[in-house]
Amino acid sequence: MTAISMPAGSTPARQHSSLDSSMSKARLFRAYLTEAKYETVRMLRTPAFAIPFLGLPALLYLLFGVVIFGAAIRNDAQAGLFIFAAFALFGVMGPGMFGFGMLVANEREHGLLTLKRALPMPSPAYLVAKLLMAIMFAVIVMATMLAVLPLGHIKLSAGQLFAAAAVSILGALPFCAIGLFIGVLTTSRSAPAFVNIIYQVMMHVSGLFYPLPKFLRTIAPVWPTYHLQQLFFSVIGMPSQGSASTHIAVLVVLTLVLTFLAVRRLALKG
Amino acid sequence: MNDTFLAELSEVSKRFGNTVALDQLDLQVRSGELFAVLGPNGAGKTTAISLLLGLQQPDAGTALLFGKSPHEVETRRQIGVMMQEVALAPELRVREQIDLVASYYPSPLSPEAAMELTNTASLAVRPYGKLSGGQKRQVQFAMAIVGRPKLLFLDEPTVGLDVQARELMWVTLRKLVNNGASIVLTTHYLEEAEALADRVAVLAKGRVVASGTVNDLRALVVRKHINCSTTLTVEEIAAWPDVQSATTDKHRLLITVSNAESVLRRLLAADHNLREVEVRSAGLAEAFVELTQETKS
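First to last, the protein sequences are chains A and B. Heads up: the first sequence begins at 294 in our numbering, then just goes up one per residue. Heads up: the second sequence begins at 151 in our numbering, then just goes up one per residue.
Everything labelled a hint here was simulated from the structure, so no lab data went into it. Just so you know, these numbers come straight off a predicted model, no measurement behind them. Even for Gly, the Cβ is constructed at its ideal location relative to N, Cα and C. One or more hints might be untrue.
Unchecked claim - To give an idea of the chain B side of the interface with chain A (calculated C-beta under 10 Å), a few residues:
id: 1; residue: Val223
id: 2; residue: Arg226
id: 3; residue: Ile229
id: 4; residue: Val275
id: 5; residue: Pro277
id: 6; residue: Leu281
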């Protein structure tokens, strides 16, 4: 039996008064930051998550935008921008949808969320951390996309590039909300299927990758991907449909409504 | 609210569908004690803890933590928690898991200090997912104490630990109590309650069927064992009043009695050669079985 000694000055519960339970703003901020840091670290350490989400967008852009259609794009700048938009938005959708959808379902089911609710974790920190993780992934995706962009003979001003990055990164938010909503309604087994179906359908029938036939075009505004794509087009000087304020309003309302419903259900049922 | 109670359930009832999990349960945890909650599976131990932690709402009655709602994060900053079933992020290293929990508290231990107390320092850089079941429990214990809590909730903390690790946890728990912490512990290891608890509550079917010190509980169940060498026969003694059973083991006789004194007097009178008489209380294990069976019948 090993004898243990208490580290000096580190005795649990020593001389605590009930007033000690208040947290300084600095420590509270640190709690949020630590939660976000470890959420990001753990996803970066999950190759099945990190490699496809971080690597694929730029690789697919290189494949389609440079290798396969590179010659054609020299004569059709808009086609190049279309492919650039497609893979940038594809890149920022995934981490939010899968990160929230699958992790929340899994953590609800396997006790981690329960433990965090019992511990004095500031309750918004759980979602804020995942949100910051998804944004961090979106930032990395956009950085890789911007890095390979010169190979695709696309000419955008610094202002347009900045605006495109901002739209993409903030555009991750509605997909986080969709993922969260799926995550609170499904089990860890069914979540991957639900997330995948919605992810695939949303990409393919919203016109993200190719122009749609007319009957699908009329219902495309149902999908958040459509609104994000149109916003992206408008900031990089492509012809776009609808007004930017409508697209923003749709995305904001969708994000808020799904987040509200999901958070309420999490609070009631865990 | 009595100020001496750190955690309190008052006339709490909780149902899950048609199943009554808790039935007008009263439980109080006092300052500076190690309080063990014992009971068979389905007795309501984990539900009782969940209500005290604010994870579930009682259908009736009140659950208080430090005299306040357990839902308030300020209240929960004074507690540490180790749950029975939890899958922590397997990708995070041990020190990172502990550091994350430490960030929730106003003045926590350093992760290193918590690892030293729980003998997990050698695991610091190991990914949590690569640990054995017992090592995971030790890390969860480190996470429970890192916030320097006044009150620790430990749900079956030593399940899956080897003997050495369990004893180390016991030593640490005693030190924590000696240093002023209070502990609520659920366990089905009765010797754990006997070895550690200042007070024990036995739960069965959502009710407290007995509570008190380990000695109180033993006394509550008056059954005793008399072990002796005698020339009398098993059949003869088994027929006496107050004798519940009598068995023979080589040359010795083991008699289970409800009134040790009267049986002893009769034994001494009937057998002048009576030797090696030993009378002992039924252990808590037996008291526990007896108490919970009464509720079943």
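Practice item. Closer than 10 Å between Cβ atoms is the bar; does B/Val223 clear it against chain A? Give me holds or violated. Key: It holds, given that the least Cβ distance between B/Val223 and chain A is near 5 Å, below 10 Å.
Check your understanding: Holds or violated: is the Cβ of B/Ile229 closer than 10 Å to a Cβ in chain A?
Key -> 8 Å, holds
Review point. Taking the least C-beta to C-beta distance, is B/Leu281 closer than 10 Å to chain A?
Key: 15 Å, violated
**Study point:** Interface hint outcome for B/Pro277 [beta carbon to chain A under 10 Å]
**Key:** Holds, about 8 Å.
Point to revise | B/Val275 as an interface hint toward chain A, with CB separation required under 10 Å | key: 13 Å, violated
Point to revise | Minimum beta-carbon distance criterion (10 Å), B/Arg226 to chain A | key: Holds. Min distance 4 Å.
When each numbered hint is compared with the structure, violations occur for hints 4, 6.
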